[in-house]
Structure formats: structure tokens, C-alpha cells
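Letter by letter, the chains look like this.
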Amino acid sequence: MATDTSSIPNQRVVETLASRLRRRQVVGSHETALETVLVLRQVISKARFSNIDQLVEIIRSVGRKLVEAQPKEHTVGNTVRKVLHHIREEYHTASQGTAVVSTSNNTLSIARFVLQGQPRKQNIPQKGTLNESHGTLKENNPDDPDAFARTLKPVLMEAIQDVLDELETVYDNISKNAKDHIHSDEIILTIGKSSTVEAFLKAAAAYRKYTVIIADTAPSYSGHDMAQSLSSAGISTVLVPDSSIYALMSRINKVIIGAHAILANGGMFAITGSLLAATAARAHSTPVVVCAGQFKLTPQWNLYHEYGALDFADPSSVLGFEEGNLVDKVDVINPYYDFVRPELIDAFITNDGDHPPSSVYRLIKEAYDDEDYEL
Amino acid sequence: MSSSTGKEKLITDEEEVLQAVILADSFNKRFKPLTTHKPRCLLPICNAPLLDWTFESLALAGVQEIFVICRSHAELVKAAIKNSKWSKPGTGLKIVPIVTAKETFTPGDAMRDIYTHGIITSDFVLVTGDLVSNIRIGEVVRQHKERRKTDKDAMMTMVVKQSGVNHRTRSKGDSAVFVLDPETSQCLHYEAVTGYPPKKYARIPREILNEHPEVDIRNDLIDCSIDICSVEVPSLFQDNFDYGDIRRDFVHGVLTSDLLMKNIYCYIAKEGYAARVKDTRSFDSISKDILSRWTFPLVPDDNHPGGHSYEHLRGNKYIAKDNSVILSRTCKIGNNTLIGSKSQIADNAQVTASVLGQRCTVGAGSIVRNSYLFDGVVIGPNCVVEHSIIGSGVQIKERTRVERGCLIADGVVVGPHARLAPFSRLSKRRSDGDEDDEDEDDDQEQADEEDEEDEEDNESDDGDDEDEDEDEVDSELEEVEANQDAEALAKLGSDTNAIIWPPSTVNEDEEVDELEHPDNQRLMRIGDNASDLVLSDAGSVTSSESESESDSDSDGERFEGSNPSSSTTSLPLSTPSNLVAQADSAAISEFQQEVKQSLDRAFAEGHSVDNAAVELKTLRMASNVSLRLVRDAVIAGIVSRIKIMGDGAISQRKEIASMIARWGGLIDKIGGVDPVETVELLQEHCASSDRLPLFGQILAALYQDDIVDEDDIRAWHAKPESQGEGVKPTSLQENYKKCWVTGAHMIKQFDEQDSDEESEEESEADADDDDDGESGTGNPAVKPLEREHNSSKDASSSEEDSSEETSNEGDEYSTGEDGSEQDDLP
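These protein sequence lines are chains A and B, in that order.
At position 260 of the first sequence (counting the first as 1) the number is 260 in full-length UniProt numbering, and the numbers step up by one without a gap.
At position 766 of the second sequence (counting the first as 1) the number is 766 in full-length UniProt numbering, and the numbers step up by one without a gap.
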């Protein structure tokens, strides 16, 4: 098993994605999530394993490798966790069928409440006994070591396909309720170019007539692209400099922003300027709504203690390289993300419904297995 | 493969494999003696070998096949490639080391070698083994190929990066002027620029201006040494056996050739970073660029080519992530610092803007500033290391001071209590080390000299030198070892095993290329601001203002007469016409500062006039300025020190008299006597300061002390300049006039005294008359004159009283009558 799993992370596909993540050739949480799932699918389809633990170990080692390559793209780890979660689920339904149902029929109790969100732990002890009785799924078969993999693989592929489908439909699912959040003649402020927010606003535009104010989001100026995209979709769009966010806030009905990663405490990393917008909104008691797919939910919660977590990019967009005289006299820092504290956010709109920041931890509990928090 | 990037796909669609050639040899010896045991491309920058940075840069660009051309220490390079992560499967890179013959002395030779190997099948990327870049070269390659479709003669694309002229990463000693067509970005002309002696003119062939209505002349570009070359480039090198350097010979040759008809293009990178570690200065600046994240995503905490992981802390501090770094609670880690794993910083030590390798130790109370410590360096307690590069395994024992610009090779032990002179270069004594390595290094040095020669005259015969190679090298090292100055060695401390390399000097026998000239190389040295270089030389060439003027004039003439077929454009770098004058004025202002300080001291501490004069003389000798300047400074010092008394003319005159009596002698003791000039300068100073009303009094005091006499005042008065002719601001001119008028009064008095010896009363009445027309400046001048005339130097109180009255009177009159008075006088 050891030799088997250690060679897997060195596979060409994994290595390629790892180096591309490291070189920032794959950027954006959605794209990295998709790439990760595709790599995992390839790894699993090629993997040789004779029991579930081996399979999990393979996936985790691949995940570790990818996360190590780019710890700031949290969706990589999230996707791996999600895949693991799905695989375990599939495995359990395949191996014990009714077992889950029988254990979950317990009556309500404090102990049960505490254990909620950890159904696997309860089930694992039962797996051994049930396996033998059912006989459909044989682990560690000495005669035919691949038998387990053969039987399980189609199911696993299905599970991964589920994850993939979820990723592909995430924008649609988030924006399907858009018209409930945006009302006619409202003025919405957004910042940066988030595909999620873009889809959300465009979906709302089909039902409502409203105005979007877009901050141009220095130094990336991704707000410009956003403005172009929205105005070409027929939404009345205003592009303003970042500095006027506060001044305009009194006129704004709602702030809708995207996220890079949502932490377990309900805070989030989002593009630079989001903290400015969220703080200004708080000063005017304007609701701040974050649109994000579930794949951005990250079980870590104290990342903001790490200075480097803001992902400092190169200073060239702040101070041009051609400013030769200044370059060695001025230290320029160009953080790519802001950490927005949970108390500044009013709601998260996800593909799994709307949630306040305080219940993010529950979403995470449901989405991932506890043992995978540390890959 | 589904996961390959779009860019990679694009390249593989168009062309099977993107090839790259790395010239892993530096072909010069700027890092000596650090490069004694390993080639330059294996020196670590930010704790990863330069070669790894180059590989990473190429991998980032989507290159799939890399040929590494190595010459010196080829075995080490091969081993390094083999052991690196790049040789593992799954990197997508195929790296083939190619060892060329020892007689490959220039990049040109290497290119010829590439041609004979026949490894190049299509357009390829040519880089050097010391490149740090995050430019998307794939995009450049795509553009190059597109251009090739329309322009079959487009042979090469050079990647350049826009930067300011004074950018730290732009080498001042080795840059170039590019003449580009702004539309097509075709490179029309290339001219290499050396920093010293400062190059003032670039010659641009006239035909270029005929053919291209619009040209960009750029002197603000960093040459990244990334070239996209077509297949025919190596063969061109083969055809032109004298091409040595890729830029100076090949590019220049191709562009100036009438026969080749090949075009070279530039790609001005808007985004991304690319630079070459070509000398110790760029080593410093590129390290800083990496630490301040210009090379993002190639930064220590993200995509470190050496595979280390670092934690990025506030202020661009990078600490190895594996929790093996031991930082004392009281140590100070400054901004832009990288600390490798297993390093230890002891109590009260300070590390600022430096890179520490793995397993480094900094002793208690030591200071490390702007320095680069390779792996395993041990610095004892209470040491100071500044602006230096310290090789791996070096031990610096307690209380040692390593001044800026030092290069210390691997394994050297220095100290305790040593003090290294700035820019000293140390390596391990040969008896301690193995001789073979030294030999190899010296091969490289030899090659470098060869290189220089090649650049100087491209026809140098390689064969002869090759034979001498080993011998000469051995002898050179023996020489270095034999010529050790025992005294200097003793300063390196009792435990040292070092030998000191002599500073590079010009060998008269050998023609040394401008580029490798020691003075030019100084611009490429770490920690060398070279300000003295440009300044002192400009100063010594032009000993006085007039000379400097004539110098720049003659320059201009030279250029106009020399080459009528080429137009000449001055470099924005040096602002040529003013350069000398600028340097001169800097020297002058520095001198004036000095004089002022020494006068301040003299006045404050009451030095004797003689002592002060000696001090001024030495100052003048040291700065080599004209006498007039010294006089100017002295007079300025005296005039500015005369207090303006608000409470009347008596005290004012007393003040002036005492001042002149005390210090007036100094004016004539500074090395020459020129009273006319003295008066001129006095006028100048009074006119341009608020001491205008004192001019007459001071002049009178000078007259009294025999510093100026009657004839001098007359001579001064006769000069047209004294009336303020040619003085620009009209207000100033007026002031000049006023002084002149005061002088006129004095002369008038002289005349009167000469013509008839009149009674005191009458003369006094005369003076009163004069005063009526004066704005007060004239009055005091008259009184002392009278006294002089009466040969009574001690001023009587009664006279002073009357003069006070008259001066007060005079103050109240308007200056309207000045004009008429002046008209009468001449």
C-alpha cells in the first residue's frame, strides 16, 4: 500500500496541476476546483486499491500535494474534501445499504445532537460486520485484489460526476433566487469581477430593473470588465472609483460581493476593496450579501492570523517597474485579498440556499468529513 | 492531456516542441572568487541556485526541451541538473546538458557549438543560466512565429523590459541604447553603453532615419537576455567566426551589415519581470526584487524554485516554514529579509535586507545588513557584515567587521577581531583546499580574459591562448598567493585561512575591453555607489571651471568633425553636455561646504589667521578649485558674519572694523593676492544679500587695513562688470549699481584728496553733499576715508557722531538722484 500511494501523487497529471497551481497558471476558485476534480477523477480511474482506506489515502496524498503547491487556493483542498465525502457516502451505501437508515432512526437526544454532522463515525464500527453479511463488496480479497476497485469504481465515478455537476451548475443554482434578493429600482454596489455575482446580477436583470454601481477595484481594475459585461447585458451600470464607495453608500440599497474563500467562522477572503465596501456598508447599515458557491466553504477559520494569507502579488500594478528611482526607496505591498470579518456580512447566498455567517460552520460540517479537515 | 494549459496547447499545436538553450557559463569573472568552486549558475540567489530560477522561468513559459550549454565546472552543473527536481518524471521538462570544449570562450563560441551539434530543429529560446524571469515567453514566441510568416528575414526577437534609467536592476556599467521602430518594434540599431567612462553619444546611421519616419531611441530598457532565435542564428555564428558576444557583436553586426538583410525585433515586456544576474550589483538588486515580490509568482513563499517553503511575514520577511529557525526574542529582523531553515539568530543580533541560507548562525549582537549569506555561514558575536556576499561554510569570528562590497569565497575563516577593507575579496588558501578546483576556476578566469580580448578585437587567436591556459592560470594563482601582503593578512585575524585577491587593475600589456575595465566594473559591484568615481574623475580632468567648459566644447567639436555620415544623439542617461559641468558643480558645492565649515570652526574657536589660511590652502589643494572660489568663500564667510546692528552706524562700524581687523588678513593669505577680485566679490556678496548697506563700510575697512588700496578700487570701478552689466535679475543689477556708486564716491574723494589738500570741514561738507544723493550706503564710506587722509586711524568719537547724523539723514533721502550723480562721475 505504501509504495502504491507514494507513487500516485507523482503521477504526471498531479504534478502538472501542482506546478501550474504554483505558477499561478490556474487562477480563480471555480477553475481550480474544476481542474482538481478532473485530476482526481483521472487518479481514481487509474488507482489500484483493495480497500476503502487505501483509496482514501491515495486521494488525500494527491490532495496534500496540490494544497501544498498552492495553499492560497482554498478550493483545491475543499474539492478534495468534498470528493472524499462523496466517496465515503457512496461506499457506505454500497456496502451496508440500510445500515445508515437504521442508525439514524434513533430518537432525539443531547448525545445525538452533539454527534450530528458526524454520521460516519457512528457507522464505521458497523461496517466490518455488515460487509461480511452482505457480501456484495469484498475488501482485501487476497485472490483478486482488484475486485474491490472494480466493483466500486463505477459508483465512485458517479460520485465524482456529482461533484463536477455541482460545480458546473453552481452559478445557475446561486442565481435562481436572484429575483428574491434584488428588487425593482434598487441600487446595488459591487466590487471586482466575480463570475458568481455577474451571473447573479444578470439573472436578476431578467425580472427587475435596477442600477448597479461598480467600484473599479484598484489595482486590478477588474471592475472595468464587470461594468462592461453588465452594461452589455442591458443593466444600467455606473462605474465609480474606489474612493467614492463611502460617499455613495448612503444611496445604496444592497452590497453584493463575491468571495474567494469562506472560512468556518463566517468571515471570508475576497478581492481587495471588499473590506472597504463592507465597512462603509456597516457604517450606513446597508446589507452586505455575499454570493458564493459551496465549494468555497473552507474548514479553516483562523487563516486571517497569517499575514501571508492575503496573497501579496507583485507591486507592479501599484508602482510601475519603470519608476526606477522609487523602486528601491519605497516598499510596495499589493495584497490581492481582504479578510472580511463575519460581523460585516449579513448573508451568504450559496447554491445550497441562503445562510447567515453564523451558520457557515454547519454547512461545513455537512459538506465535509471531520477527519479530512487536515488533509 | 486535458490538464495542459491553453498556452501549452497553442504552442504544441503550432510546433511540436518549444526548445530552449541555456548558456550556463558566464564567460566572465565578475563573481570571482565566489566562483572558484562552482560555476556562477549554481550560486544561490534567495537560497535557490540561479539555474533553478532559470529553469522555472522557462517552465513558466511553456518550454519543453532545454539544452544546457556548460563549460566550466561542467560536472557540477550536470550533477546539479540530475539531482534537481527537474529531472524527476512529471515535470514536463526534458533537460539535456551539453558540455562544450574548454576553448569555448564566448557566447559566440557556444553558439557555434550548438550549430555543430545540430540540436536545434525550430525556433528556440536563448537565455543565459542566470536568468530570473516571470515573463510569459510563450507569448513572445507566438508573436515571433507570426512575424516570421510575413517577414522571412525576422531572425530574432529580443525581450527587453522598460525601467527607469536609474532603476536598481538596470546595470549602469553594461546597458545599451536601442533604436526601435515604434510601429513594428523592429530593432533598427543597437549600441552598447558602458558606464565609465560615461558614454555621451550614440551614433545612429543616417539611413535609419531615411527609411523610418519615426524612431524610438530608448535608453531605459533592461536587456533581459531572452532571445527568441530562428534556426539560422547558430549558423550565422558559424559563418561569422568573429562574433563573440551576442549583443555587442552579433546584434550590432547583423544590424549594421549591408549584406545580411536580416531583421531583429524587440519585445518590450509590459508585464512581468526579467533580469539577469550578470554581476554582483545585479545579484543584489535582483535579490531585492525577488524579496519585494516583483518576480511574483516566483517568490519565496509561493513558487520557490529550490522547493523550500517560506512563510511570508509583514514587511516582506520570509522565514522558513518548517519551524527549524531559531530567532532569539531580542533579535531584530528587518524588512526584506529571507531566513533559511535551521538558521539561528542570537540575542540582540540584527538582520536587515539580507538573505540567510540554510543552517546559518548569527552571533549575539552582530549586525548583518544588505548581505547575502550562503548556506552554513557562521557569524560570531559582535560582528558587522554589510553589503557583502558570503560563500557557504564561511566562518566569521567574533568582533570582525566586513565592510561593504566584500566577496568571501566558500570555506574561508576570518577573524577574530578582523577588519576587512571595503571590496576585499577573500578565498581559501590553496594548501588548505584542493588544487584542482582552483585550476578549474582559473580556467574560467582565463576564459574571461580571453573573452575580453575577443570583444576588444574579434580576431584574437583562440589557439595560442588555449595552450597557455593552464600554465597562466596556475601562475596567476601562485602570484596571488605569493603576493600576499603580510600586513593585510595579519588584519584578517589569527585564525584565518584566507588569501586576499588583489583589486583588479589594468594590465598595460593587455588591451582591456571597456566593459571589463575595472572602473566600469565598479559600477557593477555590490555595495559600490561609485559616486566618487564619476565625481573625482570629472574633477581631476577639469581642474577649473574654464577648463571644464573648454572640455565639453572640445567634445562637441570632436563629435561634429568626426563622423559626418551619422547623426548623433545624446544619451538621456548622462545628460552629456552638462555632465562634466554637473560633476564640477557638485565638487564645487562640496568644496564650498567644506570651506564654510572650516571657517565656522575658525570663527567659533578663534583660530589665528595663519592657521585658518593653512587649512583653506589644503582644502583648495584637495579639491583642486580655483583661487577665486576660495576667496569667494572667505569673503562670503566674513561678510555673512558681520552682524547687522540695528542700533546705529557707530556700533555697525565698530563691528565691521573689528571683524576686518581680525579676519581681513585671511583674504590675502589664502595663496594669492588679487585685491580687485576681492572688491568684485565683496560687491557680489553685498549685492545679493541683505548686507547691501554695509558695502561701503566694509570696503572702507578693507582700505584701512591695506587689504585693498586706491588703485585697486579704481581698477575695479573701471570694469564694466562692476556696474552690474550682464547680471540677470534687474533687482540684483540695481544692487550692483548701488555698490558701484558707493565706490564712485570713494574715488571721487581720492581725486579730491589728490588734487588739493583741503580742510577737513570742506571735505566733510563734500561728503555731506554726496550723502544727500546716496541711499546711505555711501555715507559711512566717506568717513573712514577722511580719517585715512588725516592719517588718524583711530576713529574719533566726534567724527563718528557726525557721520551717524549724516547717514541718518541720507537714509531719509530718496535714491532718485542717483542717476544724475553717476552720469557726472565718469
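Since the hints were made in silico from the structure, they are not lab data.
A few of these clues could be false.
[Unchecked claim] With a Cα cut of at most 25 Å, we get these calculated DMTMM-like pairs of lysine to aspartate or glutamate: (1) K288/B to E15/A; (2) K85/B to E57/A; (3) K199/B to E15/A; (4) K317/B to E343/A; (5) K199/B to E323/A; (6) K82/B to E57/A; (7) K342/B to E57/A; (8) K270/B to E68/A; (9) K200/B to E322/A; (10) K85/B to E15/A; (11) K317/B to E323/A.
Here's how the hints hold up against the structure:
Annotation: proposed proximity of K288/B to E15/A is violated, straight-line Cα distance about 30 Å (limit 25 Å). A C-alpha spacing of about 24 Å is found between K85/B and E57/A, which places the hinted pair at or below 25 Å, so the restraint holds. In summary, the hint linking K199/B to E15/A is not supported, as the alpha carbons are separated by about 50 Å, beyond the 25 Å threshold. Between the alpha carbons of K317/B and E343/A the distance comes to roughly 31 Å, so the proposed pair goes past 25 Å and is violated.
Note on K199/B and E323/A: the hinted pairing holds, with a Cα-Cα distance of about 23 Å set against a maximum of 25 Å. A threshold of 25 Å between alpha carbons decides the hint, and for K82/B with E57/A the separation of about 30 Å lies outside it, so the pair is violated. Taken as a hint, the K342/B and E57/A pair is broken in the structure, with Cα atoms around 31 Å apart against an allowance of 25 Å. A threshold of 25 Å between alpha carbons decides the hint, and for K270/B with E68/A the separation of about 31 Å lies outside it, so the pair is violated.
This hinted pair checks out: K200/B and E322/A have alpha carbons roughly 22 Å apart, not beyond 25 Å. Restraint check for K85/B and E15/A: satisfied, since their Cα atoms lie roughly 11 Å apart, inside the 25 Å limit. For the suggested pair K317/B and E323/A, the alpha carbons sit about 23 Å apart, so the restraint of at most 25 Å is met.
In this structure, the earlier hints numbered 1, 3, 4, 6, 7, 8 are contradicted, and the remaining ones agree with it.
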